[in-house]
Amino acid sequence: MADDLKVLQERVAEAAGRKQPLRIRGGGTKDFYGRTSAGDLLDTRGYSGIVDYEPTELVVTVRCGTSLAELERVLAERGQMLAFEPPHFGDATIGGAIATGLSGPRRATSGAARDFMLGVRVIDGRGQDLSFGGRVMKNVAGYDVSRLMVGSLGTLALISEMSLKVLPLPFATLTLVREASEADAIRMMNEWGGKPLPISATCFVDGKLFVRLSGAAPALKAAQGQLGGEILENDSILWQSIREQAHAFFSKPGDLWRLSVPSATPVLGLGPALIEWGGAQRWVLTNGDGSKVREAAVKARGHATVFRPRGTREDVFTPLKPAIAKIHRNLKQQFDPHGIFNPGRMYADL
Amino acid sequence: MDLIDVTFVQPDREALVRGLLAILPREAVLCETEELKPYECDGLAVYRNVPLVVVLPSTEEQVSAILKLCRGLNVPVVARGAGTGLSGGALPHHQGIVLSLAKFNRILSIDPVARTARVQPGVRNLAISEATQPSGLYFAPDPSSQIACTIGGNVAENSGGVHCLKYGLTVHNILAVRAYTIDGELLEIGGGALDAPGYDLLALVTGSEGLLCVTTEVTVRLLPTPIKARAILAAFNQIEQAGQAVADVIAAGIIPAGMEIMDKAVTRVVEDYVHAGYPLDAEAILIVESDGTDEEVEDEIARINAVLERAGASELRVSRSEEERYKFWSGRKAAFPAVGRISADYYCIDGTVPRKQLATILRGIGEMEKKYGLRCANVFHAGDGNLHPLIMFDASKPGEIERTEAFAAEILELSVELGGTITGEHGVGVEKINQMCVQFAELELQMFHAVKRAFDAPGLLNPGKAIPTLHRCAEYGRVHVRAGKMAHPELPRF
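Just so you know, the sequences run in chain order A and B.
Under the numbering used here, the first residue of the first sequence carries the number 32, and numbering increases by one thereafter.
Under the numbering used here, the first residue of the second sequence carries the number 353, and numbering increases by one thereafter.
Rather than coming from a laboratory, the hints here were simulated on the basis of the structure.
Do not take every clue at face value.
[Said to hold, decoys possible] Derived, one-sided and incomplete: chain B residues facing chain A with beta-carbon distance under 8 Å:
1. Ala548
2. Glu765
3. Glu769
4. Gly772
[To be verified] No farther apart than 20 Å at their CA atoms in a straight line, the calculated lysine to any residue pairs in the SDA-like style are these:
5. A/Lys239 / A/Gly300
6. B/Lys616 / B/Gly664
7. A/Lys352 / B/Ala500
8. B/Lys708 / A/Val82
9. A/Lys226 / B/Pro464
10. A/Lys226 / B/Leu538
11. B/Lys685 / B/Lys455
12. B/Lys708 / A/Pro52
13. A/Lys323 / A/Ala354
14. A/Lys357 / B/Lys455
15. A/Lys226 / B/Thr577
16. B/Lys420 / A/Lys239
17. B/Lys518 / A/Asp146
18. A/Lys352 / B/Pro549
19. A/Lys226 / B/Tyr490
20. B/Lys420 / B/Asp364
21. A/Lys252 / B/Gly395
22. A/Lys330 / B/Thr577
23. B/Lys518 / A/Gly256
24. B/Lys518 / A/Phe202
25. B/Lys708 / A/Thr87
26. A/Lys330 / B/Val465
27. B/Lys580 / A/Lys323
28. B/Lys518 / A/Gly300
29. B/Lys708 / A/Tyr84
30. A/Lys357 / B/Glu540
31. A/Lys226 / B/Glu540
32. B/Lys420 / A/Tyr84
33. A/Lys330 / B/Ser461
34. A/Lys352 / B/Thr577
35. B/Lys580 / A/Lys239
36. B/Lys518 / A/Lys323
37. A/Lys357 / B/Leu538
38. A/Lys357 / B/Gly811
39. B/Lys455 / B/Thr577
40. A/Lys323 / B/Pro549
Each residue gets a CB set at the ideal place from its N, CA and C atoms; glycine is no exception.
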């Protein structure tokens, strides 16, 4: 474990010298995600701590190895949150949350992990310490390398430190539930999305449609009147179970696929689905050949990821078109010329 | 040193024109001096260059063929939308062509259910919201030039607007871009969904100032139009108080739709112009806007009002009608033309600082006014710390342009020193190319050049803009200092 940046830098530079692949890992809670990648373990958890937090600036700067739960606790003390609601799946680190770029139930209305990224400090594949972006909300100086890092699965650089935009916790929250068919749920989610309603999450599962409202109490009351449905008591349990994939839906056998599609995409008919993000994120469990799932997602102008594969972890992510793939290889070559960072974790040639 | 210091072997203009005429109809290839003149500058008119040729393609096939041709002849290409940019990003290269996307002016499709629209890059920002308004939807980024600026330019600059603290910048409000590389290859970046597989190239090309690829189509996200908006106008006796009031609003858990500050100098100038009834003795005027449903707005306005009262506002007015709300905004929106009325020329700066540094930077600017003998009026996107000082000068007086440039450079360098950035929303272009040397160290600049190479190996797209050459930074003589340490203490510095 390394508690100082120099040690991490030396470790990377040394690996680069030997062209020895490194497997960057925080809490290891998302080891299942992506393709398998061999390499020496580089544990980031020693490099932790909140570097700077200014609630009135809406910015927190944090080291990669910081526990996500600990960070969220500190933010909550000041009435704030990471509005992209990243999953924990255990004792995750913020570095891992950003490197995987996963977002939770609030994503459709508040934005994804990448939308809250303001600045990064990274160690590139030569062991160099680089800083991009900053701690201000608006910054268009230089290319947006900070956002490029989000979801890059550690294949470009080691994110050592990041500045994230935070938001206030809502004054109040209320969840409404009703029975619905999958088709009706998709229709309603999209209708609601087109209206100025204080919606902060939606979910359809097992014939029930849930909608979470967040904001000022009078606004929630008015929206409740408009939307109808029953109030769900102790609703945080439900949203927590969706965010953490602890809901019974996720424990069924099969490959768990994540489909990211245009929100109004009709029922895909690929099997039982859990639908989030106003229709834009659909979880499907399949047994056997998953090619139909990917085909359906791509046909709908989206993509599909084998989120939790049971068997082989070859084609986890939707293949890139050749011109886009070439840019990926070029970028990889520039950031990590010796190919030492998580090789193959995202695509075989990255 | 010339502002554009990246040069090429002088191209064979005749071969270039011949090649372009094989791709485009005669009227889409402009070669005569009087035809080229209108393209010699963008919204930053102090810098001008006449290009070799201006082309106006109308299809993607033509764009691709033009890029291939220029790649083959080693001719630089500067893409251009409406030319409203304020940093010289569309300033032509004297050895190259300007590729105008003005003919790409169609809204291709609107999907009111999924709340997206596919538009060509030459479509004006406001035209999108006008077209989607019947469905109760709009495109959120609203740069002040929105009646004229194009979505292609918004993508190139990652444009914001007065509502971006709540609704985000262009990067937060687009889903996909079709673009061509200098090799004429199509890049389909993003897609119809909220995310795409692989690296976030959409973020990388947004704000890349035309250096990576040429955009030919954008898929934007649309938001439901808020039912209601109300504004509060608050006067403060000290600028620090106004800054603190903004922090207090955020500390109270509120993200208003907009928060703008005008200093006394601006208030007086705009009052003469729009007669909004602003309190003229106040050191700072703060305008806070709330939008959403009726209930959201009423609740939020009450909370904001209470916060501002506690923050010591000397006067508070809450808009009771749309007419009154527009009146509150009228001066802020007219700040630039109003300053233009009292000064022969003015120069708009775009630094951003952490909000808590507001008073410090304004004090610094006050001292610089004396130092350079020029007046400066300040407007401020207070919610996100983006400052727009307007330096007033007279270009016809010898030395004033140079003094203005030095004044501007000092404001930007102070922004960086205070933990901010040289540009919040206008882009680097040619204007702030030297200050990039202050904000970034050599290693970061090298990486930016590497990113460009990943897209544009020959370096022909908008060369010399946005990212300074290391040679320029050495020449400029100011080296980025991080945490009191020089990047390479072992190297000699001149």
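**Q.** 20 Å limit on alpha-carbon distance, applied to hinted pair lysine 252 of chain A and glycine 395 of chain B
**A.** violated, 48 Å
**Q.** Interface hint compliance - glycine 772 of chain B to chain A, C-beta minimum distance less than 8 Å
**A.** holds, 5 Å
Q: Given the hint that lysine 518 of chain B pairs with glycine 256 of chain A, test it: the Cα-Cα distance must not exceed 20 Å.
A: violated, 26 Å
Q. Given the proposed pairing of lysine 455 of chain B with threonine 577 of chain B, does the C-alpha separation stay at or below 20 Å?
A. violated, 29 Å
Q. Are the Cα positions of lysine 580 of chain B and lysine 239 of chain A separated by 20 Å at most?
A. violated, 32 Å
Q: Measure nothing beyond the straight line between the CA atoms of lysine 330 of chain A and serine 461 of chain B; if it is 20 Å or shorter, mark the hint as holding.
A: holds, 18 Å
Q: Report holds or violated for the interface hint on glutamate 769 of chain B, using the least CB-CB distance to chain A and a cut-off of 8 Å.
A: violated, 13 Å
Q.
For lysine 352 of chain A and threonine 577 of chain B, compute the direct alpha-carbon distance and say whether it is at most 20 Å.
A. violated, 36 Å
Q) Given the hint that lysine 330 of chain A pairs with valine 465 of chain B, does the C-alpha gap stay at or below 20 Å? A) holds, 18 Å
Q | Hinted pair lysine 226 of chain A and glutamate 540 of chain B, Cα distance within 20 Å | A | Violated, at roughly 30 Å.
Q: Starting from lysine 708 of chain B, check that the Cα of tyrosine 84 of chain A is at most 20 Å away, please.
A: holds, 13 Å
Q | Given pair status - alanine 354 of chain A, lysine 323 of chain A, alpha carbons within 20 Å | A | violated, 24 Å
Taken one by one, the earlier hints fail for this structure at numbers 2, 3, 7, 10, 11, 12, 13, 14, 16, 21, 22, 23, 27, 28, 31, 32, 34, 35, 36 and 39, listed in ascending order.
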